[in-house]
Amino acid sequence: MIEARNLWKKYGDKVVLERLNLRVEEGEFITLVGASGCGKSTFLKMLLGTETASSGELLLDGKPIPDEPGPDRGIVFQQYSVFPHMSVLENVMAARGFGRPGVTGLLFGAARQQARDEARAILAEVGLGNAESLYPGELSGGMRQRLAIAQALLGQPRILLLDEPFGALDPGIRADMHDLVLRLWREYELTVFMVTHDLTEGFYLGTRLWVFDKTRLDPQAPDAYGATITYDLPVGQMDGRKLKKIDRDLTLTARETEKAL
Amino acid sequence: MKRFINLTPAPATRMMFGLLPFVLLVILYIVASDARLAENPSDKLLPGFSQIGDAIQRMAFEPSKRTGEYLFWGDTTSSLTRLGLGVLIAAFVGLVLGLLTGALPSVSAVASPLLTVVSLIPPLALLPVLFIVFGLGEVSKVALIAIGITPFIARDIQRRTLEIPREQLVKAQTLGANTSQIIFRVLLPQLMPRLIDAVRLSLGAGWLFLIAAEAIASTDGLGYRIFLVRRYMAMDVILPYVAWITVLAFLIDSVLAWVSRRLFPWQSKGVQ
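Chains as they are written, first to last, in our numbering: chain A, 1 to 261; chain B, 1 to 272.
Isolated chain A (complex conformation) (with noise of 0.2 Å):
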């Protein structure tokens, strides 16, 4: 479904990311993991369409991706997806606005009804069904992030893009929305992608591992050579001992770049 070729990403002689070769399946649900500044979020953009590649292909389909967002890509951001001028059903129902021709996306009439009772449906499966008429500022980052999801999902995209959707949230919150995550995968059939900061969050949930590192490293010039996926590992068959390297290696990496700035 999705194929890189040789893709790079640079930022002027900031070399970002470099010789990324891959292919997704439909369906998969992939976790990036890697250390801050490694391009993981930069690979997100690129596949939401507010970066392109510098040089290489992105494919979708066989197609290079769109160079702007679209509805087949859905969004989390840990920030901000929400529009908080709007209630949360409001927030639900603009999905199914959106999607039409017209000026404004508003809906009127029968198109309306529907838009609500789809809208009500979604909500209650996240688990909002009785904040629907609070604004995004009263809830909780925790709700706040099942209500974007919801959003994102009546939009019906093929893709989901979760740009480390649960880093502000507190660990206990942060495992009921793995759950909600991991079964609306299921059900909605997407291909997911999710970046963490967090190493064992990306250890457990979904199918597939990407580890973002950098191979190389000039102490001379840190921007000099960028990441590239270093682990490309199935969840669920790996051990212990795995997590430990890995994660050593990040640890590694972080510390030769700070030393080399």
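Since the hints were made in silico from the structure, they are not lab data.
Ideal placement from N, C-alpha and C gives every residue a C-beta, glycine not left out.
Honestly, I wouldn't trust all of these hints.
Stated by the list, open to error - To give a feel for the contact side, a few chain B residues facing chain A, derived at Cβ under 7 Å: (1) Glu-163; (2) Pro-165; (3) Lys-171; (4) Thr-174.
Dock chain B against chain A, hints included.
Just chain B now, kept in the frame of chain A:
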């Protein structure tokens, strides 16, 4: 003893502290006015409250001997109409300009440099041009207010538009929104309270332009009256007029603040 920087007066004390300067000013005025009036009962510079009361009675509650109108209310209506029209036009044009330049990089490329330059022109310097082009009637006064505050509102709204997190715009696009849907559903509603804020901030300048225009060429209005009676040193009329303008400014500001809270309840419910 706490540091001065950490001393916070209790609510009741704070209110007393707040009233104190007003009371002192009034006392100071009464003492000074009495002293001058004792020396010269027909002094015009610091009229007593009874003289001011007489003037208010004459201006507001008795028809003018010459025209039969209640001058005070006529002046108020004319001034508020001019100010309201000018501000309304400025708010509308400023909103459209600010929103489009903030949201659409291509429009910004065309309009932003011009907007920056125009905002540097002192509006009062344009007043003669307006008088020449539009004549001495209402249009030139309204135009001065509108031209004077539109650039401020436009630039403020432009900045506010750019402050809205990009994530929201990306999210809307992943839900299938087109450009106009993003403008009307995501940006515009979030900018409306910002527009009210911008209008509140620009009202001071609005009054300035109004009074300047009325002082130079007008036949009625609060600013016109003040500058007219200045010739007779009629402080008993000028002082209540200035106080009335202050009260009006305060009322308009309070009403706008209330409207903003009332219409956009999501603002006060925390910012996400």
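Verification of the hints:
The criterion of a C-beta within 7 Å of any C-beta in chain A is not met by Glu-163 (chain B), whose closest approach is roughly 11 Å, and the hint is violated. Of the supplied interface hints, the one on Pro-165 (chain B) holds, with its beta-carbon coming within about 4 Å of a beta-carbon of chain A, less than 7 Å. Interface hint status for Lys-171 (chain B): upheld, as the beta-carbon distance to the closest one in chain A is roughly 5 Å, under 7 Å. Taking 7 Å as the C-beta cut-off, the interface hint given for Thr-174 (chain B) holds, the closest approach to chain A being about 5 Å.
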